[in-house]
Amino acid sequence: MKLNPDQPYLHQPVDSLWNTYSFKDVDTMARKIATGLLDQGYQRGDRIAILAKNCAEWIVADLAIMMAGMISIPIYTTASVDTIKHTISHSGATAIFMGKLDDTRAAEEACRDLKKIAFPYPTVESEFNWNHWLENYAPLMNIDNPASDNTLTIVYTSGSTGVPKGVVLTHGHLAAGVQGLDDFYSASHNRLLSYLPMAHIAERALVFMGSVYNPLEIFFNESLNTFAQDLHHAQVTVFLAVPRIWTKLQSQVFATLKDADLQPLLVSNQGAMIAAQIREKLGFKHCKRFASGAAPIAPSLLEWFGRIGIDISEGFGMTETGGLVCSNSPFFKERLGSIGTPVKGVEMKLSDQGEIFVRGASVFNEYYQNPKATQETFDQGWLKTGDRGVVDENGAWRITGRLKEQFKTAKGKYVAPVPIELLVSENTDIEQVCVTGSGMPQPVALVVLNAENGHKNQAVVDRLNGSLDKLNGELESHERLAALFVVETPWTIENELLTATMKLKRDNIERRYREVLMSTNPSGVVWEADI
Numbered sequence: 018m019k020l021n022p023d024q025p026y027l028h029q030p031v032d033s034l035w036n037t038y039s040f041k042d043v044d045t046m047a048r049k050i051a052t053g054l055l056d057q058g059y060q061r062g063d064r065i066a067i068l069a070k071n072c073a074e075w076i077v078a079d080l081a082i083m084m085a086g087m088i089s090i091p092i093y094t095t096a097s098v099d100t101i102k103h104t105i106s107h108s109g110a111t112a113i114f115m116g117k118l119d120d121t122r123a124a125e126e127a128c129r130d131l132k133k134i135a136f137p138y139p140t141v142e143s144e145f146n147w148n149h150w151l152e153n154y155a156p157l158m159n160i161d162n163p164a165s166d167n168t169l170t171i172v173y174t175s176g177s178t179g180v181p182k183g184v185v186l187t188h189g190h191l192a193a194g195v196q197g198l199d200d201f202y203s204a205s206h207n208r209l210l211s212y213l214p215m216a217h218i219a220e221r222a223l224v225f226m227g228s229v230y231n232p233l234e235i236f237f238n239e240s241l242n243t244f245a246q247d248l249h250h251a252q253v254t255v256f257l258a259v260p261r262i263w264t265k266l267q268s269q270v271f272a273t274l275k276d277a278d279l280q281p282l283l284v285s286n287q288g289a290m291i292a293a294q295i296r297e298k299l300g301f302k303h304c305k306r307f308a309s310g311a312a313p314i315a316p317s318l319l320e321w322f323g324r325i326g327i328d329i330s331e332g333f334g335m336t337e338t339g340g341l342v343c344s345n346s347p348f349f350k351e352r353l354g355s356i357g358t359p360v361k362g363v364e365m366k367l368s369d370q371g372e373i374f375v376r377g378a379s380v381f382n383e384y385y386q387n388p389k390a391t392q393e394t395f396d397q398g399w400l401k402t403g404d405r406g407v408v409d410e411n412g413a414w415r416i417t418g419r420l421k422e423q424f425k426t427a428k429g430k431y432v433a434p435v436p437i438e439l440l441v442s443e444n445t446d447i448e449q450v451c452v453t454g455s456g457m458p459q460p461v462a463l464v465v466l467n468a469e470n471g472h473k474n475q476a477v478v479d480r481l482n483g484s485l486d487k488l489n490g491e492l493e494s495h496e497r498l499a500a501l502f503v504v505e506t507p508w509t510i511e512n513e514l515l516t517a518t519m520k521l522k523r524d525n526i527e528r529r530y531r532e533v534l535m536s537t538n539p540s541g542v543v544w545e546a547d548i
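With the first letter of the sequence shown counted as 1, position 306 gets the number 323 in the numbering used here; the numbers rise by one all the way through.
Everything labelled a hint here was simulated from the structure, so no lab data went into it. A few of these clues could be false.
Derived BS3-like pairs (lysine-lysine); straight-line CA-CA distance at most 25 Å [as the list claims (entries may be wrong)]: (1) Lys302 to Lys350; (2) Lys487 to Lys70; (3) Lys102 to Lys70; (4) Lys487 to Lys275.
Whenever a hint applies, use it, and build me the whole structure from the sequences.
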């Protein structure tokens, strides 16, 4: 698609003042940074890391690395010292772009011996300065012309357990992955807010790589404190989020109007107007496409948003698939709660054990320097996703959980936590839930309540007891919950109970609460604060 080079492309806030860069601006900056890399002696095929919060310079640096024929190594800003060291050492990265970070200590320790190029934000001390390169280098005229099988990036999976593995993705993989976005973006114009980690394949493939092939403006979120402000400024037409964000947005509505008061209004003569007002207040006045991914989302939450005119399409993809492989986009109501159907160029099937297998041009070929893991991940050319699934009567795929998430109770029965967690999440007082119970007589649901209802009072206790009775009436005997255990501290990335994309780190959560669960054998609705 031919784009106007002067059309706005990237919008970067600095102290809440917005800087706008056109496609031409970004191209020129990327070519200058590419010249800088080559002038410093880095060569085609060298690995160059990027460690920074989402910003315009992140995308420019990624483009510059491509233009110079080098390979990018994205790193999560929340990564520990050991993870950063492993990523740099294992990938063989010889330099790193560094930008704004909430905490520079891990980066300073892990990157002490690595050449650093500093983005124009407060960051660690560095050998090279971004603005100096832009002022002193000419744009690179002869940019690299890669073959489709040339490596574009090595993405280290964050994972909830184990040592990160380097997923090798070629130019061909990501180009094929972008073809699956045809039904997601408008053919005319799209605006997005970039706030999910750029080191994650979803943000990189759907937002950045999506912008290479689609008319797309990207606005960057400056900080957690300015999220709502930045979202309103962007006037997004497409919004991508993980389930935790959708839950937060629902809680934002409840802070103004209780659901018991809202629902009658939505079915009144003024329902459409009220729904439109809620969407506008959330920042979605012009938004046409809504999506959720990275983790399961409760169907009850999808239905709730649907009642205010926000139809959320679920999608499924992995780092190893180069992005999206299955999506309920465009949105079909009869596929609510499913991940939809395979996108263009992707095949999916179920193994005899019910595991989802995937193949297609976007699927990776190898883990970097890890042939054993590579061999274990494929079965006759099919990628083994590790997810269990089913195909419903509408031809839509549904994920029923991870193969390795099942646990065995003391009675010798296996329990899959995800379907139970989705049922527990129907209670809107609950913001986070993790079902556990390995070696226990019955499973227990650890729950974090939302901020509005996090204080113990009889109304909340009654609703939780009602939820426990209701869902236990729907579960098999071995799945029934002994307790809803209300924990005091929310699970966050910072306390290492969530991954960078806000998935549960189940092993960490279970380790944190196992002793108290085993020693107290809780029953009913139990508050950690009372033990």
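(message) Does Lys275 sit within 25 Å of Lys487, going by the straight-line distance between their CA atoms?
(response) Between Lys487 and Lys275 the Cα gap is close to 22 Å, so the pair holds against 25 Å.
(message) Check the hint pairing Lys302 with Lys350 against an upper bound of 25 Å on the C-alpha distance.
(response) Given pair Lys302, Lys350 holds - Cα atoms ~21 Å apart, limit 25 Å.
(request) Starting from Lys102, check that the Cα of Lys70 is at most 25 Å away, please. (result) Answer holds: Lys102 to Lys70 is near 18 Å, not above 25 Å.
(request) Take the C-alpha atoms of Lys487 and Lys70, compute the straight-line distance between them, and say whether it is at most 25 Å. (result) Violated, at about 43 Å.
Checked against the numbered hints given earlier, this structure breaks only hint 2.
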